[in-house]
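Asks: Chains as they are written, first to last, in my numbering: chain A, 33 to 268; chain B, 33 to 268.
Careful, some of the hints might be misleading.
Covered, in the sense of this in silico footprint (three residues per stretch, anywhere, with C-beta under 8 Å from a C-beta of chain B), are these stretches of chain A [unchecked claim]: (1) 55-66; (2) 137-151; (3) 164-176; (4) 180-186; (5) 234-244.
Simulated coverage check for chain B against chain A, where a stretch passes if three residues somewhere in it have a Cβ under 8 Å from a Cβ of chain A [claimed, not checked]: (6) 79-86; (7) 137-146.
Quick caveat, the hints were computed from the structure, so don't treat them as lab data.
Just so you know, even glycine gets a beta-carbon here, dropped at the ideal spot from N, CA and C.
There are 2 protein chains.
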Amino acid sequence: MTTPDQAPARRDRPRIDLGPLRASGAGGLPIDRMDDDEAGVFALVDQVRRIRALTTGAVLDTDLEPLTERLRDIADELEAASAGPERRQAVTWSTGDYIDNCPILGRANVLAPPVEFDRLPDGTLRGETTLGLEYQGPPACVHGGVVALLFDVVLGRANFHTGQTGMTVYLDVDYRSPTPILEPIVVTGRQVRVDGRKVWAQGAIHAGDRLCATAEGLFVMPGDLLVENRRRLSGG
Amino acid sequence: MTTPDQAPARRDRPRIDLGPLRASGAGGLPIDRMDDDEAGVFALVDQVRRIRALTTGAVLDTDLEPLTERLRDIADELEAASAGPERRQAVTWSTGDYIDNCPILGRANVLAPPVEFDRLPDGTLRGETTLGLEYQGPPACVHGGVVALLFDVVLGRANFHTGQTGMTVYLDVDYRSPTPILEPIVVTGRQVRVDGRKVWAQGAIHAGDRLCATAEGLFVMPGDLLVENRRRLSGG
């Protein structure tokens, strides 16, 4: 424990321009959509999501042991058929498949709800989703960290669709009222400023008309880092 | 896009006391551990996690359709045996089962890695984990939003174990260098100040000795909100 004079004080918070981040934005066009895949990974993950939704706060009136053994067999078969993580990581970056694998948007990612965003005429992204028990923090509320994750994704994609994106340098989230689980919420985000390789973006989450949370992030084009990673992934 | 004079400026960042948040802390005792469960949900989720780990960036040399059908059968059986989400939500809060279901710590939650924390003699929490492709943001890096989620959890639990916790009011995360996937990382967090119902906590993530990210959060005991939610859940 620090003494009081070393302690953090509440600093200035971001001034969020809520006008364009309203919940009721209309006229958007779908972005980042994934077609059904021939390989069938999306269809497989859809079934895993149904299982995922029932294990958190599980109240299951059945013997789980035989079901566990059947899942073990499926996992064994998939492991035997799978490439290793290095090869798979290269795949996620080699063919524009990033979105498929995103932890919030990705139809191939078991972690993802997945959320779908539309892009409004002013560049604001807007997505509706309803999150289940597996995203719970406080009772009946979306976990504060999941709120932050939603923001990092919507701000990043809002930047991407302007043509100038980057890695997160900071992300400041303000929790203004509880974000509910098991009810529709609206996630919005937009880029608000560009200065060389730096871009700023802001976002909001609403439940109906109620403002639940806001966020501001600073993102910087990583330059060397991405070049370095891509060379490494390609074995260069 | 706002004009420059309306634009956000880079505000002061939290002053993080990194001394107690070093990666190499020793002498900790395990906290928040979950015993193997009789009902077998943890064992079932372990198998779902094996499947989860292979669908992101999937390179699977097998016909997925029959595997998808077998997963569908399991999901059908679990759905038929499951209580509804309201009943299950009440369960997550009725018997101290919160940790089992946390999206980072919870052995019953398919989203969770899960991470395990030790508590050091000075109250700092310290956990090591290695995150797979499903947690990826930029190439070879943990997603910035997942970094924020790790922080919200470690700060919240650090508060809990001092005896004074609360809901997140703000969470400010600074990304200082890439947080790697597929390599061990160390997550630390501790409470740094209490002022009535307000508590502040700070955290860090390291990869080896390299500092990847820091965070500060303000948390407030919600009082009425929790009372309200508990009454609603109990049907009162």
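Asks: Are the hints correct? Go through all of them and say.
Replies: Each hint, compared with the structure:
1. 55-66: It is violated: at least three residues are needed, and the region 55-66 of chain A offers just 0 whose Cβ sits closer than 8 Å to chain B.
2. 137-151: With 5 residues closer than 8 Å to chain B, the region 137-151 of chain A meets the three-residue bar; holds.
3. 164-176: Contact hint for the region 164-176 of chain A vs chain B: holds, 12 residues under 8 Å.
4. 180-186: holds (count 6)
5. 234-244: Three-residue rule not met by the region 234-244 of chain A, so violated; n is 1.
6. 79-86: Coverage by chain A holds for the region 79-86 of chain B (6 residues, Cβ < 8 Å).
7. 137-146: holds (count 5)
Violation of the numbered hints given earlier is confined to hints 1, 5; the remaining hints are satisfied by the structure.
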